[in-house]
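Starting from the known structure of chain C, arrange chains A and H with the ligands on it as the hints suggest.
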Amino acid sequence: MVVDLLKNISKCSFCGFCEISCPTRFLAKRNYTPRGRINSIIVFVDLEAKGESLKSEEMLKGIFTCLGCGACKIHCPAGVDIPEAVRSFKAKLNKNSRKVIE
Amino acid sequence: MDIVQEISRIVGKENVSKDPVVLQLHSMDAIKKSGKTNLVVFPENTEQVSKIMKFCYENEIKVYPQGSSTELSGSSIPEDGLVLNLSKMNKIEDISILDGYVITQAGAKLLEIEEKLNDLGFTFPIDPGSLRAATVGGAINTGAGGMKGAKYGTIVDWVLGLEIVTADGRILNIGSKTLKCRQGYYLTKLIVGSEGTLAIVTRAILKIVPMPENMVYGVGIFRSPEDAMEAVLEIKKAKILPAVLEFLDSDLVKAGRDIVQLKEEGDMLLVGIECNFEARDRIAENLKEILRKNALDVEVAKTTKEAEERNLLGLRRAFYPLALKLASQDFGNKKHLVLIEDIAVPVSKLPRVVKDIKACAAKYGFRVLIAGHVGDGNLHPTIWTLLDDSEMMERAEKFYMDVMKIALENEGTISAEHGIGVMKKKGLEMEMSYRKSEYALELMRKIKSIFDPKNILNPGKVI
Amino acid sequence: MIDPSLIVDLLSKNVLETGNPLGVSNEKINNWWKETKIKSRGEWLFFTGMLYQLTPYIESLVSYLEKFENSKIQSILKFARYFRFLAFPTLKLVTPKRSVEESNEILKNIYSLLDSSVEVFYIPELDTYNGILLYDYGDDESFATHAKFVVKKLKEANIKKIVTADPHTTYALKVLYPKFTDADFEVRSYLELINPKKVSKNGEFVIHDPCYYGRYLEISDLVREKLKKTGINYKDVRYSKKLTNCCGGPIEALTPKISKAVAELRAKELGNSKILTMCPICLANLRRVNVDAIDISLVLCNESGRAE
Ligand SMILES: Cc1cc2nc3c(=O)[nH]c(=O)nc-3n(C[C@H](O)[C@H](O)[C@H](O)COP(=O)(O)OP(=O)(O)OC[C@H]3O[C@@H](n4cnc5c(N)ncnc54)[C@H](O)[C@@H]3O)c2cc1C
Ligand code: SF4
Ligand code: SF4
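Taken in order, these protein sequences are the chains called C, A and H. At position 100 of the first sequence (counting the first as 1) the number is 99 in numbering that gives the first Met the number 0, and the numbers step up by one without a gap. At position 142 of the second sequence (counting the first as 1) the number is 141 in numbering that gives the first Met the number 0, and the numbers step up by one without a gap. At position 104 of the third sequence (counting the first as 1) the number is 103 in numbering that gives the first Met the number 0, and the numbers step up by one without a gap.
In short, the hints are calculated from the structure, not lab data. Even for Gly, the Cβ is constructed at its ideal location relative to N, Cα and C. Among these hints, one or two may not hold up.
Between beta-carbon pairs, the in silico distance windows are [to be verified]: (1) Ala48/C with Glu59/A: 36 to 42 Å; (2) Lys445/A with Lys49/C: 41 to 47 Å; (3) Lys267/H with Glu308/A: 30 to 36 Å; (4) Lys197/H with Asp257/A: 43 to 49 Å; (5) Ser52/C with Leu240/A: 55 to 61 Å; (6) Ala48/C with Met429/A: 37 to 43 Å; (7) Ser116/H with Ser52/C: 52 to 58 Å; (8) Glu308/A with Pro88/H: 55 to 61 Å; (9) Lys262/A with Ile73/C: 28 to 34 Å; (10) Asp93/A with Lys273/H: 26 to 32 Å; (11) Leu97/A with Glu263/H: 31 to 37 Å; (12) Glu263/H with Glu212/A: 36 to 42 Å; (13) Glu308/A with Asn157/H: 45 to 51 Å.
Just chain C, same shape as in the assembly (with noise of 0.2 Å):
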C-alpha cells in the first residue's frame, strides 16, 4: 500500500495550486490543507521508512477533516488524487492514532 501511495504522491511539487480550493483552509495550518495533507503523508512515510514514528495530533487532525470533496484534486498540475491518498492514508492512521496522539 506505500509504495502505492508513494508513487501517486512523491509527484507532488509543492506548487500549492490545490491550497485555495479546500474548504478547510480557513484553519490556516498547512495540515488543513491539501498541499499539507500530502506532505505530512509524506514526512510520515520518510520517517517510518527510516525507523521512526512521527507523534503530531495536528497530522492526524489534517487527514481526518479532510472531507474528500475532491475541490482540489482537478487542479493539480502533477495529477495527484489528493483525496484518493489521504483516504488511503487514514487506514493506516485508524489503527495507529491513539500512538500518534499520546
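Chains A and H with the ligands only, in chain C's frame:
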C-alpha cells in the same frame, strides 16, 4: 522567558503552533528546500504583527515572513526563529472603480482578488503562473510578473501604496491611493522585490484596470527561434502591442504535441492582443498575415471564447504539468525537483540565447524545456533533477550558473521575476561584478542594515 | 476533534453487526414506503442506501458529539460509554419528528417521480445501508465485507438495474462496488431517469451541487436540463457543477465544529436565495447554519404538500 507564551499572549493560543508536522510544512517551498523553525505564528491583524516584531526585535528573534511558499529561489525558507505566516490576514477590504484601486491585506491570494475584480469587469493584470497560490505579500516581495508583462510590466508598476511593519515594530503607511505621488524617495518601490528582508508587508493598495473587451489569439509554428523572432519584429513594426507574447521551444512543442492538435512541429509563438470587440476581424486578419509570412502553420482565433474552444492556450498552460509529468516519468517514486530558471534578455538576443541554453543543457546531460514571455525577453529554461543524487544536483547548479552567465553575456539579467532568495545570491554578485558595479551590493547591504539593524528579518536572503 | 479510531471502530462494528452505522435494524427507520403504492416488480430497483432515512438521527447524534469535541483525549473512555448510551432508542427520542417526516416525504416524491417515468419497483428487504462512511474513513476491509453482503442480497434477488436516491449511494454502487465486489449492476441516480413535468413554483432557486454529482459523477448539466423542463427558475453561483464546494457534511461526526464552519463558507458563496440540494447530508448540514434549503425532489413534483 517562554517565547511561545509571549507570542500566544499577542495572537492567541490557536494562532501559534509548535506541532512537528506544522513546523515542517511551514519550512518548505516549491523548490523543495527545507529549513527549520521553532514556531509558526498566524497573526490576524497589523497590530499583532507590530507587537510580534517589537517583541522579536527586543529579544533578537529571527522572523521569516511567509505567504504560500511558492517562491522558486529559497527566499521563504526559515533557518531558525519563527515563521510569520500572513494567510489569516486575507481580507480584500475595498475596491474603488472611480479611484482605480483595490486595497487588500497581504495574505489574500491573487486569484481571490482577481475573482472579485472580474465580477465588476475589472482586473489586476499581474498574473503569475502561480496565480492560484501566490499571496499579495509574496507576489510583492518577489516582484512577481506574469504572462502579460510585455504590456503591463511586473507588480512593481502596480503597487500604489503599502502598509508595512518595520523590524522594530513600527507601522508605516507609504505611497498613497493616487497614481501620482512624489513622497521623497520611493520607499514603496524599494519594498517591492525585497523578499521579506526589509519589512513585513501587511496591506497593499494596488492599481486596477478594466478587463479587455476581447482578445484575439494567434499561434504560429516556426522553423527556428530566429524565424519566430522575425515575426515578433513584424508585430512590433505593425505597431501592435500584444498583452501575451509567449515563446515555446521546439522540444517543448514536441513533448506536448498530444495536448494540442498541431499539424507541424517547431518553435511556437503564442500571441494575444487585447482589443475592442468590433476590431476583432481587422486585428485577426492583420495578425494572420504577419504570422503567415514565415510560419509553417498558423491558427488565429477572433475571440477569447474561440481560442478556448480550440485550445490555443493549451500548450502554454500545460508547460508546468508537462515538466512535472516528464520528471515523474524519468524518476518515478524517487524524490525529484523541477527547476524553473528565470532570466531576461533583450528580445533581439532570444534566438542566440535559446541556442546557447540548449547547448548548455546538453553539456550537463539535462533535457531542457524552454518557455518564455518573449514580449519582455523573459525565459524559463526548465530541467528536472533527483534531490538525493548529489552529483546530479551539483550538475544542475552548474547549469543554473551557466544559464545566468549566458544571460549576462547577452546583455540580460539573472532574474526577471522569481527573485534572488538563496539560489541566486552568487548570481547577483556575478551580475554586479559583470557590470563593474560591486558597490551597488554594498549600498544594498547598507539599506538592509538601516531597515533591519539587528538582522532579524529573513536573514541570509538576497545579499 | 473526536478520536477517529473510536468512531471508526464503532461504525464498523455497528455496520457489520446490524448492517447500519447506528446499530439499528432497517425496519425501524425505513417507513416511507408504507404510505405509498409501491410495485414489487419492474425494470429498475429503487435502492435508497438508507441515507435519507438515517440522516435525521445522525444529525441529532452530531449535536451531541458537538459537546464532546473539545474535551481532551483523557475523556475518551467516558465518551465511549456515552456513545453507547446514545443508542437508537435514545436518538429516536431526541430526533425531531418533523425531520423524519421530511425524509419520508422526499423518498415518496422521488419514488413518484420515478414511477411516472420508468418501470420502477421497491423491495424494502433489499434496501440496505450503502456502507460509504466506512469507505470515507479508510476502513476498506469493513467496507468490502459490507458491500459483498449487500451485493449478494441483490444478486440473489436477480437484480440487474438499480436507481438510487442520493449521490453517496449512487457513487458507492456505481463506482465502488464494482471495485470491491463482483457487482455489475447498471446504476443510475433518479435524477438521470426522471421526466419531470411543468410545475408551478415561484421564486428563484440557487443550486448547490453535491461533490459526488458535480465532480465525481458529472451529472450537474443533466440535473439542470431536468429543471428547465419544469420551468423552475434557477441560478448558478461561481462555484457550481464541477467546481462546487463541499457542504462540510462528511466530517460532521468527527469534528462538528469544523464541519459547521465549512457549511458557513459554502452558505456565503450560495447567497441568500432559496437553495436546492440533492443529498440528505448537504440538506442537513447547510441547515445547521440556517441556510434556507430544500431537497430538489420536493420542487420537481407538483403534488408535494411540503414543497413551498
Ligand atoms: C508553478 C509555479 C509557477 C510560478 N510562476 C510564476 C510566474 O509566472 N511569475 C512569477 O513572478 N513568479 C512565479 N512563481 C513564483 C512564485 O509563485 C511567485 O513569486 C509568488 O508571487 C510568491 O508568492 P507566495 O505567497 O507564495 O510567497 P512566498 O513564497 O511565501 O514568499 C516569497 C517571498 O516573499 C516574502 N514574503 C511573503 N509574504 C510577505 C509579507 N507579507 N511581507 C514581507 N515579506 C513577505 C517571503 O519571505 C519570501 O521571501 C511561480 C511559482 C510556481 C511554483
Ligand atoms: S478533498 Fe480534502 S484536501 Fe481536497 S479540497 Fe476536499 S477537503 Fe481539501
Ligand atoms: S496542486 Fe498537486 S502538486 Fe501542487 S501542492 Fe497540491 S498536491 Fe502538490
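Evaluated hints:
Between alanine 48/C and glutamate 59/A the beta carbons are some 38 Å apart, a value that agrees with the proposed interval 36 to 42 Å. The supplied range of 41 to 47 Å is met by lysine 445/A and lysine 49/C, whose beta-carbon atoms lie about 45 Å from each other. Checked against the given bound of 30 to 36 Å, the beta carbons of lysine 267/H and glutamate 308/A, roughly 32 Å apart, stay inside it. Take lysine 197/H and aspartate 257/A: their Cβ atoms lie about 46 Å apart, and the range 43 to 49 Å holds.
Taking 55 to 61 Å as the suggested C-beta distance range, the pair serine 52/C and leucine 240/A conforms, at roughly 59 Å. At about 39 Å, the CB distance of alanine 48/C to methionine 429/A agrees with the hint of 37 to 43 Å. In this structure the supplied range 52 to 58 Å holds for serine 116/H paired with serine 52/C, their Cβ-Cβ distance being about 56 Å. For glutamate 308/A paired with proline 88/H, a C-beta distance near 60 Å keeps the hint of 55 to 61 Å intact.
Distance hint check: the CB atoms of lysine 262/A and isoleucine 73/C are about 30 Å apart, consistent with the given range 28 to 34 Å. A C-beta distance of roughly 31 Å is found between aspartate 93/A and lysine 273/H, which places it inside the suggested range of 26 to 32 Å. Leucine 97/A and glutamate 263/H have their C-beta atoms about 33 Å apart, which keeps the hinted 31 to 37 Å range intact. The hinted range of 36 to 42 Å is satisfied by glutamate 263/H and glutamate 212/A, whose Cβ atoms lie roughly 37 Å apart.
The beta-carbon spacing between glutamate 308/A and asparagine 157/H, approximately 47 Å, falls within the hinted interval of 45 to 51 Å.
Hint check: no violations occur; every hint is consistent with the structure.
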